[in-house]
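Enquirer: Each chain is listed here by its residues.
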Amino acid sequence: MSTPVARSVPAAISAVLARDRWALAGTVTVVVIALAAIFADVLTALEGHDPYTYDSSALDVNTGLPAGPFGGVSGDHWFGVEPLTGRDLFAIVVHGARTSFLIGLAATLVSIGLGVLVGAAAGYLGGWVDRVVTWSADVFLGFPYLVFMIALGAVVPAEFPRVLLLVVVIGFFGWPSTARVVRAQVLTLKERNFVKAARVLGASPWQVFRTELLPNLWGPVLVMATLSVPGKIGLEAALSFLGVGVLPPTPSWGRSISAAIDWVGVDPMYLIFPGVALFAVTWGFNALGDGLRDALDPRWGGNR
Amino acid sequence: NDPKAPGDAGAKPEKGGTLRILSESRTLNLDPAKSQSLAITSLGLVHRRLTGWQNAVGRPAKVVPDLADTGKTPDGGKTWTFVLQDGLKFSDGTPITSADVKWGVERSFAPAFGGGLGYHKDLLGGGDYKGPFEGKELDSIETPDPKTITFKLTRPYGDWPWIASTPAFAPVPKGKGAEADYHERAVASGPYQVGTYTKGVEVKLTRNPNWDPAKDQVRGGLPDEVVFQLGQDASVVSQRLAADSGDDRFAFGSSFVSPAQLAQLQATPSAKSRVVTSKSGAVAYLALNTQKAPLNNLKVRQAFQYAVDKSAYQIASAGTAQLAGDTASTLITQGIEGREQFDLYQTKPEGDPEKAKALLAEAGFPNGVENLTLVLNKSNNQAEKAEAVQAALARANIKVTIRSLEADAYETETNLSENPNYDLTLSSWQPDFPSANANIQPLFASSEIGKGGYNTSRYSNPEVDRLIEEAQSTVDAAEAGKKWAAIDRKIMQDSPVVPLIYTRNSFIHGSKVGNFFIADFPAYPNYLQVGITK
Amino acid sequence: MKNLKFALTRLGGMVLVLLIVAFCTFVVFYLVPSDPALLACGKPCTPENLALAREFMGFDEPWWRQFLTFLGGIFAGRTFGTGVTAIHCSAPCFGYSFRQNADVLELIGDRLPVTFSLAVGAAVLWVGLGVAIGVHAALRKDTWFDRAALAGSVIGVSAPVYLVGLLGILVLGFQLNVVPVGNYTAFTEDPVRWAWGLVLPWCVLAFAHGAHYVKLTRSQMLETMSEDFIRTARAKGVPERTVVGKHALRNVLLPVVTLTGIEFGSLLGGAVITERVFSLPGLGGLLIEAVHGRDLATLLGCTLFAGFLVVVANAVVDLSYGLLDPRARLT
Amino acid sequence: MSALLSVEDLSVDFGSGSPAVSEVSFSLTAGEVLAVVGESGSGKTVTAMSLLGLLPATASVSGRALLGGRDLYSLSPAALREVRGNEVGMVFQEPMSALNPVFTIGSQIVEAVRVHRAVPRAAAKARALELLRLVGLPEERFRAYPHEMSGGQLQRVVIAMTVANEPSLLIADEPTTALDVTVQAEVLRLLRDLRDRLGVAVLLITHDMGVVSELADRVVVMNGGKVVETGPVREVFATPREPYTRTLLDSVLRLDTRELPARPAGEPVLRLDGVSVTYGGFRAVSDVSFEIGRGQTLGLVGESGSGKSSLAGAITGLTRYTGRITVAGREVASLRKADRGRVGLVFQDPLSSLNPRATIARSIAQPLLLHTSLRGAELEAKVDSLLDAVQLSAALRDRYPHELSGGQRQRVGIARSIALDPDLLIADEPTSALDVTVQARVLELVLSLQRELRFACLFISHDLAVVQHLADRVAVLHRGVVVEEGTSVFAAPREEYTRRLLASALTVSA
Ligand SMILES: Nc1ncnc2c1ncn2[C@@H]1O[C@H](COP(=O)(O)OP(=O)(O)OP(=O)(O)O)[C@@H](O)[C@H]1O
Ligand SMILES: Nc1ncnc2c1ncn2[C@@H]1O[C@H](COP(=O)(O)OP(=O)(O)OP(=O)(O)O)[C@@H](O)[C@H]1O
Ligand SMILES: [Mg+2]
Ligand SMILES: [Mg+2]
Ligand code: NI
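Protein chains in written order, with this note's numbering: chain X, 1 to 304; chain L, 1 to 534; chain G, 1 to 331; chain Y, 1 to 510.
A couple of the hints might just be wrong.
[To be verified] Simulated restraints on C-beta separations:
id	chain 1	residue 1	chain 2	residue 2	range
1	G	240	X	42	50 to 60 Å
2	Y	57	X	42	45 to 55 Å
3	X	38	G	132	34 to 44 Å
4	Y	382	X	46	49 to 59 Å
[Unchecked claim] Among chain Y residues calculated to face chain X with C-beta under 10 Å, some are:
id	residue
5	143
6	313
7	342
8	347
9	352
10	363
Hint data in this document are derived by calculation from the structure and do not stem from the laboratory.
Remember, predicted model here, so these are calculated numbers, not experimental data.
The C-beta atom is built at its ideal place from N, Cα and C for all residues, glycine as well.
Construct the complete structure from the given sequences, taking the supplied hints into account.
Expert: Structure follows, in structure tokens:
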């Protein structure tokens, strides 16, 4: 066995999976959807449609709605079709998973990572670092994000890899709230003797952060992270609408969902498939996150 | 097609009651100088103009007298004289004179009151005229007596009576209207005056006691009050009106019912009967940037005529061809004098990708064309439609990237930029007055390229320019109509745009709203005639 | 003395933040290749008309000069145009909106009560309910209550506000007819109708925002409940309710208050979608219109104002740290 | 006399190998003081805690504990709440983490007063102030927060809180560990008074044989989770039956009045020049100067709250100070990382000085990871040897701090501080929670290490015998001022305070 360190994240994950069936269920959900995203091409080939082809024959000629009950669900179209276009919804959802999953996850990593680092630095180092961080957080929070996005949409060339742009932009704008929450926690943590002990030992701020602060920040960080995934996916949709997001016709959940809202009254399935997918992913991450929190807390079980 | 009028068969509206208009916009501009309102919508409730529109189902729109007659020209369209009716009064009781009309037109030249329809400005030789508030008059307008007003145009212009129906030709009491918020307390000449004006929330119009229905043939003036509720979400408005409860029974929505809402309303019999869909409307088209390779090649442009899938476009716009509107092949919209129906590029509504490919090959693009950019005005809700076009073009190996831009960025790109970057753009055009002139000239005259014009295909053909000028100076409507139809054909031969459909607009109203009809032109309800039923 | 210095630094920081926000907004605004004067240009828009409109609105100058003019206007007021048609905007002038034909400050003043009502009510609801549910979920960890709280939170964050609002209107407003749908009533006019009309928007917003509070509270609570001082409180015979509600909760609140500050601050800047769905004439709508209408003056005004609220909310939060946890007292 | 509390066959298991407590039985009558002594980690605290149902959920408890006829282990939560703090009061072993950090100590005492009695707020406050006085704290500390108090002061707050309702049974888990002998005497007087006046029974857990012989009637000796011997104090102390009890008694250090053995001092390692520490307006340490040479130990003694920990904080650069402190010639504030590793620190409060999310092996390895290149098996071996040196079994290496006993935690702190073979060791009450046998071995360890490494040591303790055993020189701190310093402080005290201190020291009398 290697040096026993504070329960490591991978170790905690395997521990929680072995013990907590809800966390296991959450993980399975996330993994299944991730696999669906990875093998989207295979899956859609199996079903026999792609997410781009218009098919007015799948639509009801009188309304433009999917022909057939339940949004046109059939052996041919597993999730039915999109109203007005007749594009295959299953293909859209699994291909959309690629965009949304990737962006949701990567942007969350960027924003939470940045937020934790910056927030911890502000709380722990204090002084001008704290001031600069607090002020820039205020600037970011007060800044009309939307305007920036619009400007970006107009300025960034169409060839620029959109997913990367989105991850960077969404991630970068998401740090302030995490940073402030982490900072608040660190402000009290740093007064605890074990942090002081590490400092007396000559641990550098980075080492203090990694070994003393971070393990004690998992609670709020996991909460912020797991809840930020759907937010980021939704943001991607909003940005797509503004022309900054993935370029049409690339499918994404966020876009499908916001388009589908209009149709809930007549074609609820259009909303339900991507909506449930988003819910499932979010729930999966949250169930896993809660399990992880428990596993990372050695006092799990606590006093009664 | 339904031969019956798209409109109301229900009970006849009576005088009285409060009409509510649910508007998506948070602003309502009742300043004539700043307004681009059609002659039959909101602004018309408060302000009369020199001339008015008479529109009815099944007939082209006609210019009719409003404050004045429809004008006379002694010299083939260069000088126009209008005579006001007797005994007209402003809401404050003062008489309306030709000087007030002149003042109103002059006022529209003031930089402080920009933003309105300005077709008259060039024709009146505005030049560097900056409005009456600096003490100068516009010499091209003469008011020999309080009832007569004469316009001396820079060139013969047959459609001047139509121009005289635009908002700037509403009277403003001479010497007044210097304040920026004049629209909140504008002196009215129409059936209503501003009662209360709550910015961004509500505008309540109350009766103008000095309006005489006998002297107004275009306005019904039935409701006692008209209330604009601003900033209403379109979907919510549809839902509310479909539910038809409380005050909503006396209301109608001023924005189009979205395709999704339409589909839902179709399924609700009680609401379906209250949805009014126009027979026709603005022509939606795909503009091809004729100045940029490869679209500067006529064959390539013609290929587009076959590559597009108009039926997919119809479905994407409203779910069915029925609700979306007929496929289009000409430029002049329905309901306009002189329009001729023809199709130079006959094919199936789904298009003919093979033929398109063949044309592309002929033009030297056997493998199709790539990297075309289609710009889109985000605020027009065209995403789905653009994707339909994108998918259709892909069938003919035409690869398109969609860039959607904010309204202003879009306009800057398409209307102002000297050297724009787009290859294609989706657009639709509703003429500002019911003349083919307003349909063709703004879109295809070479003077309208960049510099703020709407010639987004950047189409420039000296021959066409000459023909346009000629048609514009023709006073006789029938004769002019023929000329315009010829121009229409000529332009289509050059294929600068692909007409897609004549867009139908659908509106929904409450059960107690009567006389809610949409004539052939324009594809909007006539606010001036709507009333409350018992 | 120390307090004074602290207050001054903080105040200086606020001003700096606002300046930066304004400056960035300005720069970004000018990144978009389009012309705000288009609005006042009319149709058809000739270059001459455009130039006139630009000159009148003050857009003919280089952007940095405009920025300085804007800043100057805050202290000295501004006048647009000349002669009788000139528009005066007296100090403090945060700009004049040509689109809305109004002084920006006045516009904000009109909209603020709505947004404020919306934000306060929603925040009270989401913090109150969120924390309460979070506490209970922690105490009943791994029970069905806990699972349901998680699922509810997840629905709350993943369901679009627009959808929830729309469904709320449809079901509660039309089908069941329990809440009114329609226009906003001012508090001063009729407090009952004010509250009644806002119930649905409050709930919708709270539903969307509550998840963070539920989960944050739950997680912090689980950690705190195993601290030694909880054991001490129990040994004193303190009832469990007090142990939880006083001893544990107080130690849980730091991150919750922080997040509240942030969200409340930004919510005051406008809850765009909620305002839209419920036709509430608030700041969010104003901002969005300004963005889409290229209304720089309103945009700047709203942004500065929203920024101001954010900064103030965060400052209040920072000050509250010392009250909540003496160890985090500012140094 | 019938038993007030009788514990029968108590076993507690945490599911980690052997049970923490097995088959423990004892009983206690009203007005009796029963001392529980025994090896660190022998289950004393667990036994005490089980009585009020305060063990973590991971513990499984079996047996019975009858209090006035009711079995405490099977009480309903509501009934148990009535017992807690009302009939049975409890003083916790580690006072520094026992108080809620966000409330003032005053409000926490007031709460204790009001929770079982419907007392008006004002009266409760008056009572709280009275209690503060009773434990020798000035009234103005009412508004202080826990982090603003010294270890001994907090311990007294906890005692004040516990006696607030004059319970019939008082469980005191090491109630005087953090107290200097003068204050300890006052607290013992308080306990005795409670017993005499109200017939309060006291279950006294302590490692201090002096306290046992001073206060207790009977004694229970525990070892390895079992009771090994029980009987009246005099009897057990005079004729211990079990070998463990004998070792225990033999290990007790005795204070005498010898001159300290002067060892040769090397060049000064630590030097203080006019050092003062101020909190807000309060001067906790004023103008202290001394130096410690290589291989030397300075014992720092003084009243609770006299500024000892503050001084230690200043030396390690944790507390802001004025004056000059140099370690090996370098100003503390500007020590480089490598130099910091040369300074070992044992915190007064072992619990809070350990990262709750790190196993103890990780905590001990931390300095090694920071300053050496030891990794993998070598590191493991080093950690194991350190654990062994402080008498901790290697089986504990993967436990978390809250899963240890107070004494075990304290030893983890010691192991961590000596991991890097320091040049300077600052130890703030490092043996306060250790029973005498373990303490003896730990002291032996420190001495032998010092001989070997010749580190300089500042040894803070309230236990004069320990100081005498270890130190070359003693400094007496009183209200932030060093009133006396030298080798003959115990032999020939000059100051009045020192004399009082020496007079209060308890001795084990058989
Ligand atoms: N939560 C826990 N989980 C696992 N083991 C525990 C836990 N708490 C205590 N122990 C173990 O139980 C044993 C008894 O601990 P206890 O605290 O009662 O010792 P103690 O006699 O009070 O020692 P000390 O004098 O050092 O305080 C110890 O070996 C300790 O490691
Ligand atoms: N953060 C603080 N703020 C205010 N006062 C403090 C603070 N820390 C300590 N004090 C006070 O300073 C004095 C010295 O405290 P210190 O902890 O140094 O005492 P000590 O000698 O270590 O006592 P003990 O033996 O009880 O641990 C005490 O009166 C204490 O109340
Ligand atoms: Mg113990
Ligand atoms: Mg101390
Ligand atoms: Ni002791």
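Enquirer: Each hint: holds or not?
Expert: Here's how the hints hold up against the structure:
no., hint, verdict
1, G:240 / X:42: 50 to 60 Å, "holds, 55 Å"
2, Y:57 / X:42: 45 to 55 Å, "holds, 48 Å"
3, X:38 / G:132: 34 to 44 Å, "holds, 41 Å"
4, Y:382 / X:46: 49 to 59 Å, "holds, 58 Å"
5, 143, "violated, 19 Å"
6, 313, "holds, 9 Å"
7, 342, "holds, 9 Å"
8, 347, "holds, 5 Å"
9, 352, "holds, 4 Å"
10, 363, "holds, 8 Å"
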